[in-house]
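2 protein chains.
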Amino acid sequence: MRMPTHIGIIPDGNRRWAQEKGLGKEEGYNSGLRPGVELFKLCQEVGIKELTYYGFTMDNTKRPSIQTLAFTKACIDAVNILSKEDASLLVIGNTDSPMFPKELESYTTRKAFGEGKTKVNFLVNYGWHWDLSKASVNDSSSKDNIMQNLYSYDISRIDLIIRWGGRRRLSGFLPVQSVYSDFYVVDDYWPNFQSKHLFEALEWYDKQDVTLGG
Amino acid sequence: MRMPTHIGIIPDGNRRWAQEKGLGKEEGYNSGLRPGVELFKLCQEVGIKELTYYGFTMDNTKRPSIQTLAFTKACIDAVNILSKEDASLLVIGNTDSPMFPKELESYTTRKAFGEGKTKVNFLVNYGWHWDLSKASVNDSSSKDNIMQNLYSYDISRIDLIIRWGGRRRLSGFLPVQSVYSDFYVVDDYWPNFQSKHLFEALEWYDKQDVTLGG
Numbered sequence: 000m001r002m003p004t005h006i007g008i009i010p011d012g013n014r015r016w017a018q019e020k021g022l023g024k025e026e027g028y029n030s031g032l033r034p035g036v037e038l039f040k041l042c043q044e045v046g047i048k049e050l051t052y053y054g055f056t057m058d059n060t061k062r063p064s065i066q067t068l069a070f071t072k073a074c075i076d077a078v079n080i081l082s083k084e085d086a087s088l089l090v091i092g093n094t095d096s097p098m099f100p101k102e103l104e105s106y107t108t109r110k111a112f113g114e115g116k117t118k119v120n121f122l123v124n125y126g127w128h129w130d131l132s133k134a135s136v137n138d139s140s141s142k143d144n145i146m147q148n149l150y151s152y153d154i155s156r157i158d159l160i161i162r163w164g165g166r167r168r169l170s171g172f173l174p175v176q177s178v179y180s181d182f183y184v185v186d187d188y189w190p191n192f193q194s195k196h197l198f199e200a201l202e203w204y205d206k207q208d209v210t211l212g213g
Numbered sequence: 000m001r002m003p004t005h006i007g008i009i010p011d012g013n014r015r016w017a018q019e020k021g022l023g024k025e026e027g028y029n030s031g032l033r034p035g036v037e038l039f040k041l042c043q044e045v046g047i048k049e050l051t052y053y054g055f056t057m058d059n060t061k062r063p064s065i066q067t068l069a070f071t072k073a074c075i076d077a078v079n080i081l082s083k084e085d086a087s088l089l090v091i092g093n094t095d096s097p098m099f100p101k102e103l104e105s106y107t108t109r110k111a112f113g114e115g116k117t118k119v120n121f122l123v124n125y126g127w128h129w130d131l132s133k134a135s136v137n138d139s140s141s142k143d144n145i146m147q148n149l150y151s152y153d154i155s156r157i158d159l160i161i162r163w164g165g166r167r168r169l170s171g172f173l174p175v176q177s178v179y180s181d182f183y184v185v186d187d188y189w190p191n192f193q194s195k196h197l198f199e200a201l202e203w204y205d206k207q208d209v210t211l212g213g
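Protein sequences, first through last, are from chains A and B.
Heads up: the first sequence is residues 0 to 213, going by numbering that gives the first Met the number 0.
Heads up: the second sequence is residues 0 to 213, going by numbering that gives the first Met the number 0.
Mixed in with the good hints, there may be bad ones.
[To be verified] Only pairs whose alpha carbons sit at most 30 Å apart, straight line, appear in this in silico BS3-like list of lysine-lysine:
1. B:Lys20 to A:Lys61
2. A:Lys24 to B:Lys206
3. A:Lys24 to A:Lys110
4. A:Lys206 to B:Lys83
5. A:Lys206 to B:Lys40
6. A:Lys195 to B:Lys206
[Stated by the list, open to error] Calculated from the model, a selection of chain B residues having no Cβ within reach of chain A, i.e. all distances over 12 Å:
7. Lys40
8. Gly115
9. Lys133
10. Asn144
11. Leu159
12. Arg166
13. Asp181
14. Asp187
15. Thr210
It is worth saying that the hints were derived from the structure and are not from the lab.
All of these numbers come straight from a predicted model, not from anything done at the bench.
Glycine residues also receive a C-beta, built at the ideal position from the N, C-alpha and C atoms.
Just chain A, with the same shape it has in the complex (with noise of 0.2 Å):
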């Protein structure tokens, strides 16, 4: 089988999962931990060697702080939780900005955990716009390198993206490193993350072509 050695990792849906079970759209978030423990793990069985995924974007925090409280909190958390693990953290974000926690300050260069087996990359008041302004700020910028001009850099192309909650885009994930990723869609919502949704999109991974652009 043939396996994405890199995937992204777009967990939504929390706020709708909340809803529906009649709670503050707010709640949702911390019930996103257990599975992005849960594929983790899953991802490390099955050999994978880089994984990303989508924390909180610098659009996002523009929404009622009772909400930016609590995915920033539950962030901290799983990173905090995956630093128990063999992996090897980063975080990347706008570490300029209030809106970045303080608690991952000492995540923003990466630090093997454990055997550090797996890369783990993860992001935190992440922005697009933020990450490719890096290169008009960069006097070294060359033409010929434009991972080096972006604030995640060490963050390496992506082959299969996985969204849940049913929506079809990008979001502003990632957006150099996505441009070849096969992008796969799970409808339910992230909560309810079940490892047959990883073991299906790597199913469906494994019948396409890989073709980067040519």
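Chain A is already provided as a structure; the job is to place chain B on it using the hints.
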């Protein structure tokens, strides 16, 4: 009905269509002309303001020359046919390369034909990498204006991308203008275009919410 302002078109599957008919791969491109014009007319009728076609990419030009000649000719023909319509035409691509057809050089600044009603952009010898590389050669590049740092700055944000041929990926199609685009995939090959493909995509789009990352 909520309509997209700008639709991106990825007309894929020409080669697979030709092969299924027992033709040479290169014989599929010419059969993509009728769909391109029909789609344009339908979009104009329903009031779409801007349309962008993915013609061919710099990556594509690495294919056997019998294919590159065929898809280059199809793009030239398509632009010439559209210049007989009420369209405001723009061809965007790397003109510094011999793969950019001389016949289309006069279209690389936007030009109105007839009543110039619908903006039509055509990507010809386009590369996402090339597009983003303008930032590094532009001294006046501004952090706050990513769009002005693109060669494709005259192409606006895309609301809906429709891809024919079943593949669920962007393949380098305008990474910046696509960050928030809803992505609809038609399994049929592009030469088998039918008006119902567009109408089904528009009905689907009507049911999506618009958040622009918020």
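Going straight from one Cα to the other, do Lys206 (chain A) and Lys83 (chain B) come out at no more than 30 Å?
Violated: Lys206 (chain A) and Lys83 (chain B) sit about 42 Å apart, past 30 Å.
With 12 Å as the threshold, tell me whether Lys133 (chain B) passes as away from chain A on beta-carbon distances.
violated, 9 Å
Regarding the pair Lys24 (chain A) and Lys110 (chain A), is the alpha-carbon distance no greater than 30 Å?
With a Cα-Cα distance of about 33 Å, the restraint between Lys24 (chain A) and Lys110 (chain A) is violated, given a limit of 30 Å.
According to the definition I'm using, a residue is off the interface if its beta carbon is farther than 12 Å from all beta carbons of the partner; does Thr210 (chain B) meet that for chain A?
violated, 8 Å
Please verify that the nearest CB of chain A lies beyond 12 Å from Asn144 (chain B)'s CB.
It is violated; Asn144 (chain B) is separated from chain A by about 9 Å at its closest Cβ, not greater than 12 Å.
Restraint check for Lys20 (chain B) with Lys61 (chain A), where alpha carbons must lie at most 30 Å apart
violated, 53 Å
Over 12 Å to the closest beta carbon of chain A is the bar; see if Gly115 (chain B) clears it.
holds, 30 Å
Against chain A, does Lys40 (chain B) keep a CB gap of more than 12 Å to every residue?
At roughly 26 Å from the nearest Cβ of chain A, Lys40 (chain B) sits farther out than 12 Å, so the non-interface label holds.
Hinted pair, alpha-carbon criterion (30 Å max): Lys24 (chain A), Lys206 (chain B). Please report holds or violated.
Holds, because 21 Å separates the two Cα atoms, which is no more than 30 Å.
Just checking, Asp181 (chain B) versus chain A, shortest CB gap more than 12 Å?
Incorrect as stated: the minimum Cβ-Cβ distance to chain A is 5 Å, not above 12 Å.
Interface-negative label, Arg166 (chain B) against chain A, beta-carbon threshold 12 Å
violated, 7 Å
Non-interface claim for Leu159 (chain B): all C-beta distances to chain A beyond 12 Å?
Non-interface label on Leu159 (chain B) violated, nearest chain A Cβ at 10 Å vs cutoff 12 Å.
Checked against the numbered hints listed earlier, the structure breaks hints 1, 3, 4, 5, 9, 10, 11, 12, 13 and 15; every other hint is satisfied.
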